[in-house]
Amino acid sequence: MDEFLQFLFSGLTRGSIYALVGIGFAIIYNASHVINFAQGEFVMIGGMAAVFITANAGLPLIAAIPLALAIAGVAGVALERFAVAPARGASVVTLIIITIGASIFLRGVVEVAIGKRDYALPAFSGDTPIRIGGATLHPQSLWILGTLAVVVLALKWFFERTRPGKAMLATSHNRLAAQLAGIETRHVMLTAFALSAMLGALAGLLTAPITLTRFDIGIMLGLKGFCAAILGGLGSPYGAVAGGLALGLAEAMTGGYISSAYQDAVAFAIILAVLFVRPQGLFGRAGTERV
Amino acid sequence: MRGFLGRWGGFLVLTAVVLLLPLILPNRFYFDMAVKVWLNAIVCVGLNLLIGYAGQISLGHAGFFALGAYASAILTRRFEIPGLVAMLMGAAGVGLLAFLVARPILKLKGHYLAMATLGLGIIVAIVINREIWLTGGPDGVRVPALFIGDWRVSRIEDWYWVAGGAMLLAVWLALNLIDSGVGRALRALHGSEVAAATAGVDTVRDKAMVFVVSAVFASIAGSLFAHAERFITPQEAGFLRSIEFVTMVVLGGMASTFGAVVGAALLTVLPQAVAEFQDYKHLAFGAILIATMIFLPKGLVPSLAELFRRRRP
Amino acid sequence: MSLLKVEGLTKEFGGVRAVADVSFAVEPGTIHSVIGPNGAGKTTLFNLVTGVYTPTAGTVTLDGRDLTALSTAARAKLGMQRTFQNLQIFFNMTAIENVMVGRYLHLGTGLVASLLGLPKIRRETRLAREKAAELMHRVGLEKWLDADADAMPYGALKRLEIARALAAEPKLLLLDEPAAGLNPKETVEIDELIREIARGGVTVVLVEHDMKLVMNVSDRILVLDYGRKLAEGTAEEVRRNPDVIKAYLGEGAA
Ligand SMILES: Nc1ncnc2c1ncn2[C@@H]1O[C@H](COP(=O)(O)OP(=O)(O)OP(=O)(O)O)[C@@H](O)[C@H]1O
Ligand SMILES: [Mg+2]
Numbered sequence: 001m002d003e004f005l006q007f008l009f010s011g012l013t014r015g016s017i018y019a020l021v022g023i024g025f026a027i028i029y030n031a032s033h034v035i036n037f038a039q040g041e042f043v044m045i046g047g048m049a050a051v052f053i054t055a056n057a058g059l060p061l062i063a064a065i066p067l068a069l070a071i072a073g074v075a076g077v078a079l080e081r082f083a084v085a086p087a088r089g090a091s092v093v094t095l096i097i098i099t100i101g102a103s104i105f106l107r108g109v110v111e112v113a114i115g116k117r118d119y120a121l122p123a124f125s126g127d128t129p130i131r132i133g134g135a136t137l138h139p140q141s142l143w144i145l146g147t148l149a150v151v152v153l154a155l156k157w158f159f160e161r162t163r164p165g166k167a168m169l170a171t172s173h174n175r176l177a178a179q180l181a182g183i184e185t186r187h188v189m190l191t192a193f194a195l196s197a198m199l200g201a202l203a204g205l206l207t208a209p210i211t212l213t214r215f216d217i218g219i220m221l222g223l224k225g226f227c228a229a230i231l232g233g234l235g236s237p238y239g240a241v242a243g244g245l246a247l248g249l250a251e252a253m254t255g256g257y258i259s260s261a262y263q264d265a266v267a268f269a270i271i272l273a274v275l276f277v278r279p280q281g282l283f284g285r286a287g288t289e290r291v
Numbered sequence: 292m293r294g295f296l297g298r299w300g301g302f303l304v305l306t307a308v309v310l311l312l313p314l315i316l317p318n319r320f321y322f323d324m325a326v327k328v329w330l331n332a333i334v335c336v337g338l339n340l341l342i343g344y345a346g347q348i349s350l351g352h353a354g355f356f357a358l359g360a361y362a363s364a365i366l367t368r369r370f371e372i373p374g375l376v377a378m379l380m381g382a383a384g385v386g387l388l389a390f391l392v393a394r395p396i397l398k399l400k401g402h403y404l405a406m407a408t409l410g411l412g413i414i415v416a417i418v419i420n421r422e423i424w425l426t427g428g429p430d431g432v433r434v435p436a437l438f439i440g441d442w443r444v445s446r447i448e449d450w451y452w453v454a455g456g457a458m459l460l461a462v463w464l465a466l467n468l469i470d471s472g473v474g475r476a477l478r479a480l481h482g483s484e485v486a487a488a489t490a491g492v493d494t495v496r497d498k499a500m501v502f503v504v505s506a507v508f509a510s511i512a513g514s515l516f517a518h519a520e521r522f523i524t525p526q527e528a529g530f531l532r533s534i535e536f537v538t539m540v541v542l543g544g545m546a547s548t549f550g551a552v553v554g555a556a557l558l559t560v561l562p563q564a565v566a567e568f569q570d571y572k573h574l575a576f577g578a579i580l581i582a583t584m585i586f587l588p589k590g591l592v593p594s595l596a597e598l599f600r601r602r603r604p
Numbered sequence: 605m606s607l608l609k610v611e612g613l614t615k616e617f618g619g620v621r622a623v624a625d626v627s628f629a630v631e632p633g634t635i636h637s638v639i640g641p642n643g644a645g646k647t648t649l650f651n652l653v654t655g656v657y658t659p660t661a662g663t664v665t666l667d668g669r670d671l672t673a674l675s676t677a678a679r680a681k682l683g684m685q686r687t688f689q690n691l692q693i694f695f696n697m698t699a700i701e702n703v704m705v706g707r708y709l710h711l712g713t714g715l716v717a718s719l720l721g722l723p724k725i726r727r728e729t730r731l732a733r734e735k736a737a738e739l740m741h742r743v744g745l746e747k748w749l750d751a752d753a754d755a756m757p758y759g760a761l762k763r764l765e766i767a768r769a770l771a772a773e774p775k776l777l778l779l780d781e782p783a784a785g786l787n788p789k790e791t792v793e794i795d796e797l798i799r800e801i802a803r804g805g806v807t808v809v810l811v812e813h814d815m816k817l818v819m820n821v822s823d824r825i826l827v828l829d830y831g832r833k834l835a836e837g838t839a840e841e842v843r844r845n846p847d848v849i850k851a852y853l854g855e856g857a858a
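Residue numbers (our numbering), protein chains in the order written: chain A, 1 to 291; chain B, 292 to 604; chain C, 605 to 858.
It is possible that part of the hints are untrue.
[Claimed, not checked] In silico lysine-lysine, DSBU-like type, Cα no more than 30 angstroms apart, as pairs:
id, chain 1, residue 1, chain 2, residue 2
1, B, Lys327, A, Lys116
2, C, Lys681, B, Lys398
3, C, Lys816, C, Lys609
4, C, Lys735, C, Lys724
5, B, Lys398, B, Lys589
6, C, Lys789, C, Lys724
7, C, Lys789, C, Lys816
8, C, Lys775, C, Lys747
9, C, Lys775, C, Lys789
10, B, Lys589, B, Lys572
11, B, Lys589, C, Lys747
12, C, Lys681, B, Lys400
13, B, Lys572, A, Lys116
14, C, Lys681, C, Lys775
15, C, Lys775, C, Lys609
[Said to hold, decoys possible] Simulated DEER-style distance windows between Cβ atoms:
id, chain 1, residue 1, chain 2, residue 2, range
16, A, Ala273, C, Tyr852, 37 to 43 angstroms
17, A, Pro122, B, Pro317, 30 to 36 angstroms
18, C, Asp670, A, Leu169, 42 to 48 angstroms
19, C, Tyr852, B, Leu595, 52 to 58 angstroms
20, B, Leu587, C, Asp670, 47 to 53 angstroms
21, C, Ala673, B, Gln563, 54 to 60 angstroms
22, B, Asp570, A, Asn56, 15 to 21 angstroms
23, A, Ser91, C, Pro757, 21 to 27 angstroms
24, C, Ala673, A, Ala261, 43 to 49 angstroms
25, A, Ala273, B, Phe522, 30 to 36 angstroms
26, A, Ser91, B, Met324, 30 to 36 angstroms
27, B, Glu448, A, Ala273, 31 to 37 angstroms
Since the hints were derived computationally from the structure, they do not count as laboratory data. What you are looking at is a predicted structure, and each value in this text was computed from that prediction instead of being measured. All C-beta atoms in this analysis are idealised placements derived from N, C-alpha and C, irrespective of residue type, glycine included.
If we strip away everything but chain A, and leave its shape as in the complex, we get:
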């Protein structure tokens, strides 16, 4: 039972990270029908930028966090502006390759600018584990879970109450109609990329104190986030949250009870199984393609 609780904590923690990355995939997909394979790099940029700022500029963490988020946001806008927008209307394969190119590029920049070592960020509120039942919880996990909850609520508010949020929602339902209604879909795209980049960076900042960070951590985290988004039906931010948490839990339970060696394979095995049975994703709806 204690063991189970321990795996549960661990699953929820990593699941929340996947969820944050997955939301980023969903938001960009909604706004542009692009799958942004560079999403994982924002996670890396968040953690690495904070490391760089605290170590080199001597700023405290509390100041480094907003700066790191801003840097990621700028990177997101640049990605949209210089890589995705010029290829508007290109095929799915082309866009996949472009965003993969962008991810390699961003990784290369950080590799050159900061280095190839592992870096650590101090935990937000100390490293003293909290005992709950027979299990322990790292205080950073509470930050992670709490942040996810806040992000979900904030997104709900954003999409339902704010102009840019409503514009984004309208664009995702029907791009043409949104344009006719006077929505600047270019702005929607930029907002989506900036928002997704910052959410990814947030995940990177939150997880760096527990898992360390490196220039190449974005690859795996990005792919797991993509799994979360697909599981959630591609294009639903809340679906991505459910997908991310489910994957995190499945990983932790597999790692704990079955085989720690195959923990990393779980997400992909689940995705394959789901796609084989339901080619449109777990929550996606099958429509009849018009000819």
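Model the placement of chains B and C with the ligands on the given structure of chain A, informed by the hints.
Only chains B and C with the ligands this time, still in chain A's reference frame:
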């Protein structure tokens, strides 16, 4: 007729390049690079049938490449099976695996297909990393030399001819396929799946078929690579290696068999050529990728061919 | 016996009945037209008959054989071909290659033979090319043989689809608005082409908005309205049917 001349004329040019290149390659280092080019080209020619012609993406072909490589390594080393037999057994195994997953996987489209192939490749990579007793795990495994009959292929010059010959064979097979009813069906289902089906094309069967062919090409290339290097690590199965293959295909030019060879050559040689800038390798690689896709979305060879065609009256 | 028999065919899209309980039969060697206002369900009917959509209810039989469980490709094998209202051209191929794809059912499709480029495969490719060229002459596309499909004008693409469908040597050919977007001269040519196809023994089902063309060439006409069958008969019968007049000219005209 233009197509015929272009195609088989190109094949002759490529054969001439393979035959003459050794005259100008100064040393071992360059021969080694040429071997890598030819082996990567085999994968890309196969992958191009899938991506360029049939329009189905795969982000997991390094998995097939590595499975071929490890099959050769393990079968020759542990079970002392002759290299060529091991290679064929590996190819048969990979073909079977590809066949089994092809139907469910190729029912998927676009991003879902990308996800599924990517997942498959990653699972293969993880298995190779973890089953240390069999594969040697992350440290890799030594591979015995390849014998073709009594000929021990060991000098790098020997490998040049083996790899070059295999590459020409792969190109020849691909060109034949493209110029057949099946090949036209593949291009048709890329253009319009519903119209292809209306013409009687069993689109699922043909997609599965080309998926298997491309997987077998990758497997054979992997086997040869393992023997040529005499060593193989799980990195060859990794996601980044899969991306590298796709990039070669796309850079050289989709739906152009010679483009696939050119792409393989460029992306194999370039990183070595700019070795002094090793640090900037990734950065440059990413930038090239983005720029090609934006400015030459059809890839190098088709874009150049088009320029050439337009110049002429 | 009727060549094509449709019974109780129904297709719903999220509650909307695009085709509602439609039944009719097409006799061999005839030209059978389907008309109706925009959105009446004509294209949907074609998609159901060719197996592109799965019906909500109803059956389609060809030569007395139930097609319900068959894929589009399997129906093509039984002799069914069609063209598309929204062109479905292989834009990644040349014009003649488009038509050669239409020969697919008459070619060997062995993988190994194709990879090895066996003489049989090469010969078939050569014959397919000859046949395709001949068909392109027949539909008036001789100028465009080696053109890239994406460089051809709309009118030529419409004929290209017809040539591609004919290449399969179908028993039944469904044409979805072959004259749409064509000028009067081209329309006359299409009119003549359709008759010629029918004279060659191919049964034609024609969807068309050009009433002159329809009235000219059709042996029988089926009228759809809001997915339902409104009337069916010869041109003369349909022209006089009060329901049809009402649907086409609005209330009060009858
Ligand atoms: N794939 C689909 N998904 C949802 N609704 C569809 C689909 N295909 C057709 N419809 C709907 O079915 C109805 C009939 O459409 P259909 O295209 O069959 O009409 P049509 O008679 O061919 O019209 P037109 O003369 O304009 O070509 C329309 O209301 C259309 O919106
Ligand atoms: Mg229609």
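Now the hints, each set against the structure:
1. B:Lys327 <-> A:Lys116: Between Lys327 of chain B and Lys116 of chain A the Cα gap is close to 27 angstroms, so the pair holds against 30 angstroms.
2. C:Lys681 <-> B:Lys398: Distance of about 22 angstroms is within 30 angstroms: holds.
3. C:Lys816 <-> C:Lys609: 26 angstroms, holds
4. C:Lys735 <-> C:Lys724: 16 angstroms, holds
5. B:Lys398 <-> B:Lys589: 25 angstroms, holds
6. C:Lys789 <-> C:Lys724: Violated: Lys789 of chain C and Lys724 of chain C sit about 43 angstroms apart, past 30 angstroms.
7. C:Lys789 <-> C:Lys816: 13 angstroms, holds
8. C:Lys775 <-> C:Lys747: 28 angstroms, holds
9. C:Lys775 <-> C:Lys789: At roughly 28 angstroms apart (the allowed maximum being 30 angstroms), Lys789 of chain C and Lys775 of chain C satisfy the hint.
10. B:Lys589 <-> B:Lys572: Cα-Cα ~24 angstroms, so holds.
11. B:Lys589 <-> C:Lys747: Since the Cα atoms of Lys589 of chain B and Lys747 of chain C sit roughly 27 angstroms apart, the hinted pair holds (cutoff 30 angstroms).
12. C:Lys681 <-> B:Lys400: 25 angstroms, holds
13. B:Lys572 <-> A:Lys116: Measuring from Cα to Cα gives roughly 13 angstroms; hence the hint holds.
14. C:Lys681 <-> C:Lys775: 10 angstroms, holds
15. C:Lys775 <-> C:Lys609: Holds, at roughly 14 angstroms.
16. A:Ala273 <-> C:Tyr852: 37 to 43 angstroms: 54 angstroms, violated
17. A:Pro122 <-> B:Pro317: 30 to 36 angstroms: The hinted range 30 to 36 angstroms is violated for Pro122 of chain A and Pro317 of chain B, with Cβ atoms some 54 angstroms apart.
18. C:Asp670 <-> A:Leu169: 42 to 48 angstroms: 46 angstroms, holds
19. C:Tyr852 <-> B:Leu595: 52 to 58 angstroms: 56 angstroms, holds
20. B:Leu587 <-> C:Asp670: 47 to 53 angstroms: Check passed, 51 angstroms falls within 47 to 53 angstroms.
21. C:Ala673 <-> B:Gln563: 54 to 60 angstroms: Hint holds: Cβ distance 56 angstroms, inside 54 to 60 angstroms.
22. B:Asp570 <-> A:Asn56: 15 to 21 angstroms: 19 angstroms, holds
23. A:Ser91 <-> C:Pro757: 21 to 27 angstroms: Distance hint for Ser91 of chain A, Pro757 of chain C holds at roughly 24 angstroms.
24. C:Ala673 <-> A:Ala261: 43 to 49 angstroms: 45 angstroms, holds
25. A:Ala273 <-> B:Phe522: 30 to 36 angstroms: About 35 angstroms separates the Cβ atoms of Ala273 of chain A and Phe522 of chain B, which means 30 to 36 angstroms holds.
26. A:Ser91 <-> B:Met324: 30 to 36 angstroms: 32 angstroms, holds
27. B:Glu448 <-> A:Ala273: 31 to 37 angstroms: 48 angstroms, violated
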